[in-house]
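Number of protein chains: 2
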Amino acid sequence: MLLQANEGSTSMMMKLYYTVGTCALAAHLALEEAGADYEAVRVDIRNGENLKPEFLAINPKGAVPVLVTERGVLTENPAILAYIAQRFPDKRLLPLDDPFDYAKALAFNSYLCSTIHPHHSHRLRGKRWAEDPAALTEMARMVPQNLTKCFSLIEAGLGAGPWVLGEQFSVCDAYLFTVANWLEGDAVDARQFPKVHTIRERVRMRPSLQHVLSIWRAVQPPAS
Amino acid sequence: MLLQANEGSTSMMMKLYYTVGTCALAAHLALEEAGADYEAVRVDIRNGENLKPEFLAINPKGAVPVLVTERGVLTENPAILAYIAQRFPDKRLLPLDDPFDYAKALAFNSYLCSTIHPHHSHRLRGKRWAEDPAALTEMARMVPQNLTKCFSLIEAGLGAGPWVLGEQFSVCDAYLFTVANWLEGDAVDARQFPKVHTIRERVRMRPSLQHVLSIWRAVQPPAS
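Chains A and B, in that order, give the protein sequences. Heads up, the first sequence is in the numbering used here, so the first residue is 1 and it goes up one at a time. Heads up, the second sequence is in the numbering used here, so the first residue is 225 and it goes up one at a time.
Keep in mind the hints are simulated off the structure, nothing from the lab. A hint or two may mislead.
[What the hints assert, rightly or not] Negatives, chain B to chain A, calculated, CB over 10 Å:
1) Met236
2) Thr246
3) Asp261
4) Tyr262
5) Ala264
6) Asn271
7) Glu278
8) Arg295
9) Asp314
10) Leu348
11) Arg426
12) Gln434
13) Ile439
14) Ala442
[Stated by the list, open to error] One side of the interface only, derived from the structure: several residues of chain B facing chain A at Cβ under 10 Å:
15) Pro302
16) Asp322
17) Pro342
18) Asp356
19) Thr361
20) Gln416
21) Thr422
22) Arg424
23) Glu425
The structure presented is a predicted model; accordingly, all values stated were derived computationally and were not measured. Every residue, glycine too, gets a C-beta built ideally from N, C-alpha and C.
Model the full assembly from the supplied sequences, consistent with the hints where possible.
Here it is in structure tokens:
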């Protein structure tokens, strides 16, 4: 087993570690949509909280989202989203009863984490891949065209809707909303992808999103 | 539904599209381990076959692996691996009966596709993120240190083995073998990660790998 964490009572409340502005939004939205009983714990990356020993003890990768369950720690959005969908099957957050449809949903989420997210990161987190300032500028220059190409592919692959997988809202919508919300900051006009844009607007109207944003926007008391 | 493809008879043989030297090895290995009835179709990226209309009609992303099933097309390794494990449950290629253990396996595969693979790609496929030659050189320079950091995290997260998930060989081993096999080409000595190195050596001994490599090494007849 990987990244073993505290085993505890099965009545333990789940904890989601998130950072404002990050892809942890997808996991947070999924927990709300599931009606889960959980505690949201903010991790301030600007203060380096994600690299402090207390957090690295939970996730050695120093990244969010992290979902702590009574069985241990889960990381990586596609895995956390799948787990939430399986833990709350009545919410139909993934097509759990059809291996092919389920794999299509996994493929959708996998593309977001393996291709869209790294492209996005080359604008503000380019230091992962280069230190030279000219190289950072060059990488940032290509972000809009890369994301335009990727979202064109997503747009072309979407069906009649109203959601990513069809009639039923799923964690794919939560994840698509999260990464599509970065487009304007990356100088890409989301309206050139009408289906993506419409799904984004639909998610924006959901009470789950409003509730998560109220948590994210709340001023946190200073750490004692 | 996304990327809808040919619906056909349920007796249709699956097809795996692969390119020699790519991460399609993980999916190919999984099919062999599953004892699946499938046809392997080579896609020569050097000749640009992945960008020809015939292939883009199957996968508009122009990437491998692609698994064509009687229900349609699947892309993205984590999704293809999960599908193969679900289609051949007796082979226990993923812990399908335990949502938490299953999510841990998904998280493992997700880290390989979203973090390890992009780091690796910055050496030979850097043109995805920069065109300036100096930027390409700078990105390639950082590949060994990035992969060393990532594989150190994987190593620290592995348990007693003998496999990634414990007693049972899984698609995680097929995927780890695939990306760990790139280390030497990226100027990283895999022996500094003893558990990863040992799993790699164990996979290397499996008949499934030997069979896949015999297919990959076979000289293909020239296209007519």
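### Task
Compare the structure with the hints numbered earlier in the document and write down the numbers of the violated ones, lowest to highest.
8, 20, 21, 22, 23
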